[in-house]
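Please model the entire structure based on the sequences and the hints provided.
Residue-level listing of the chains:
There are 2 protein chains.
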Amino acid sequence: MYSCDILFPAHHQITIIKNPSAAKGRHNHTFFELNCIKTGRCLVELGGHSFFLPAGSFAFLPPDTAHLVHPNQDCIWYQLLIAPDVLEQLLSFDNNIFCEFFLQSVFTKESTDCLISHTASAEPDAWLLLDAMTLECQKADLYSDKMLFHLLLTLFYKLMRIGEMTILGSHDFAKKTHMAVIARYMLQNYTCASLARLADQLNYSLSYCSHFVLENTGFTFKQLQKKIRMQKAVSYLLYADTPVNLIAEQLGYSCSENFMKVFKQEYGLTPTQYRARMKPQ
Amino acid sequence: MYSCDILFPAHHQITIIKNPSAAKGRHNHTFFELNCIKTGRCLVELGGHSFFLPAGSFAFLPPDTAHLVHPNQDCIWYQLLIAPDVLEQLLSFDNNIFCEFFLQSVFTKESTDCLISHTASAEPDAWLLLDAMTLECQKADLYSDKMLFHLLLTLFYKLMRIGEMTILGSHDFAKKTHMAVIARYMLQNYTCASLARLADQLNYSLSYCSHFVLENTGFTFKQLQKKIRMQKAVSYLLYADTPVNLIAEQLGYSCSENFMKVFKQEYGLTPTQYRARMKPQ
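Protein chains in written order, with this note's numbering: chain A, 1 to 281; chain B, 1 to 281.
The hints are simulated quantities; they were obtained by calculation from the structure and are not laboratory data. This structure is a prediction, so every number in the text was calculated from the model and none was measured. Idealized CB from N, CA, C, for every residue including glycine. It is possible that some hints are incorrect.
Claimed, not checked - Think about it this way: if two alpha-carbon atoms lie no more than 30 Å apart in a straight line, the pair counts; the simulated DSBU-like pairs of lysine-lysine are:
#1 A:Lys-139 to B:Lys-146
#2 A:Lys-232 to B:Lys-24
#3 B:Lys-146 to B:Lys-24
#4 B:Lys-146 to B:Lys-222
#5 A:Lys-38 to B:Lys-146
Stated by the list, open to error - Restraint-style ranges between C-beta atoms, simulated for each label pair:
#6 A:Ala-240 to B:Asn-203: 40 to 50 Å
#7 A:Ala-140 to B:Gln-138: 32 to 42 Å
#8 A:Asn-203 to B:Asn-258: 28 to 38 Å
#9 B:His-49 to A:Leu-202: 30 to 40 Å
#10 B:Asn-95 to A:Lys-264: 27 to 37 Å
#11 A:Asn-96 to B:Pro-243: 19 to 29 Å
#12 A:Gly-48 to B:Gln-138: 40 to 50 Å
#13 B:Asn-203 to A:Asn-189: 25 to 35 Å
#14 B:His-49 to A:Asn-189: 45 to 55 Å
Laid out in structure tokens, this is it:
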């Protein structure tokens, strides 16, 4: 079960705050979190690890992983909360380290991977972009989400250019590659995905394919399918006004009662309650 | 036949120059041209029309249409040259007035439409974005094209928010809508498009469909198909290193000799000559 113990401003797919005031305790949420350290330094605890981020660091934390970010006193930093949907959009028109990180983070059971970029802190453009994004986020005007998306991608390319990007984590390369294959199939076919069709596509026997999914993601096929459907359900509930029965249909559930039951098991709230509580009116 | 009487810096899909020095005579080229007037004013001649752009105007001129842009002495302006490919990318993940303008501009025989946005000239953000783009374009570094693309889209959304956008032109609404249907089909199926398949998709008879295409675009189906293939060919030649015989294959030509013959008829140069001349090494 996901836990989301803090109500984030989930009405935007991308939210950015400069120097967030409350130093929260260890927590987790369904968003990716990007911490950008302009000056000073920041302690990060993620899973069982902890490390310092010096000035000029950008650290991308995966969703659903307990973490704590503790800045020192003279730290100026930006915190971005990014819905998984945003990174999923990248998959359709690009292939880069952010896509790789996204696939790994979303499709493994115990994900504590973290994408880190170290840049020279003197690089001014990145901070200008983050300031522009902060203003846009506060404005929350027509097309703000779209503009934040394109400014974020500009930042991503800037980081790829100026920073040394590394994914810290324990997954080996072969596992990562297999995971990406499975993940792409599941994302592209979430309404009608089946183990038989995946096995067919990979040219594996049904039993080997079942083992392959479990081995490389830590989930059974059914669990993985549920995970993606739940993630999509949250997006529909928060960022669209789609009625619950239509969401169930679009996710490939045969009846909406079934969808509602599964959703409540996962989040402890019915879809309607979840929308009412998490989506500001 | 297309004429491209000026050698543009075609190695970038998006090029931006602040206050371009040479006041060129009437000319045309295969790029979209976006003129952004910060101060002063600018005279534009396009097709048979001419009009003044005051400070705060953004005017998007279609490709392959003779035009002249003449700034007055105290005019500060930015000129962007944008490859049709860039706007085509928009179609796959969005639907807005820029898509509409793109479809109209590329898929009509005598296009003199122009997309104009009038903003309050005091709006500072747009000019900051254009300055950032100018710097990025001069830098021409790794990922510059990607960053220019995302900054351009940020500008588009900003214009949609702050400006009154209008498409000046003579095409009536029904014609525009039909054109868009045809255009989308042709772009999505350019390797294997056929009049029979389009007729099938629209549920029209073959002869009515043929008439429908000609009536709404001014081109026969074959002419339209050639136009798109030639546009794609130019992209492959300028922005990729794909060998000519592979380009022919990817465009759906049965043999590369045929492709080379058609290309030379269109541009007066063989594909290899075109690449050598237009793509800086």
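State, for the Cβ atoms of Asn-203 (chain A) and Asn-258 (chain B), whether the hinted interval 28 to 38 Å holds or is violated.
The hint (28 to 38 Å, Cβ to Cβ) holds, given that Asn-203 (chain A) and Asn-258 (chain B) are roughly 37 Å apart.
His-49 (chain B) and Leu-202 (chain A), beta-carbon distance inside 30 to 40 Å?
Given range 30 to 40 Å: violated, Cβ gap about 59 Å.
Ala-140 (chain A) paired with Gln-138 (chain B), Cβ distance criterion 32 to 42 Å
Holds, since Ala-140 (chain A) and Gln-138 (chain B) (Cβ atoms, about 33 Å apart) stay within the stated range.
Given pair status - Lys-222 (chain B), Lys-146 (chain B), alpha carbons within 30 Å
Distance of about 33 Å is beyond 30 Å: violated.
Does the hinted range 25 to 35 Å hold for Asn-203 (chain B) and Asn-189 (chain A) at CB?
Holds - the Cβ-Cβ distance for Asn-203 (chain B) and Asn-189 (chain A), about 29 Å, lies within 25 to 35 Å.
Supplied distance hint 45 to 55 Å, evaluated on CB atoms of His-49 (chain B) and Asn-189 (chain A)
holds (50 Å)
Do the alpha carbons of Lys-139 (chain A) and Lys-146 (chain B) lie within 30 Å of each other, as the hint requires?
holds (26 Å)
If you check the beta carbons of Ala-240 (chain A) and Asn-203 (chain B), does the distance land in 40 to 50 Å?
For Asn-203 (chain B) against Ala-240 (chain A), whose Cβ atoms are near 31 Å apart, the range 40 to 50 Å is violated.
Pair hint Lys-146 (chain B) and Lys-24 (chain B), alpha-carbon separation not exceeding 30 Å:
Distance of about 29 Å is within 30 Å: holds.
Taken at face value, is the distance from the CA of Lys-24 (chain B) to the CA of Lys-232 (chain A) at most 30 Å?
It is violated: about 53 Å lies between the C-alpha atoms, which goes past 30 Å.
Determine whether the Cβ-Cβ distance between Asn-95 (chain B) and Lys-264 (chain A) falls within the hinted range of 27 to 37 Å.
Hint holds: Cβ distance 35 Å, inside 27 to 37 Å.
Are Lys-38 (chain A) and Lys-146 (chain B) close enough, with their CA atoms no more than 30 Å apart?
Roughly 24 Å between the alpha carbons, so the hint for Lys-38 (chain A) and Lys-146 (chain B) holds.
Against the hints set out earlier in the document, violations occur for numbers 2, 4, 6, 9.
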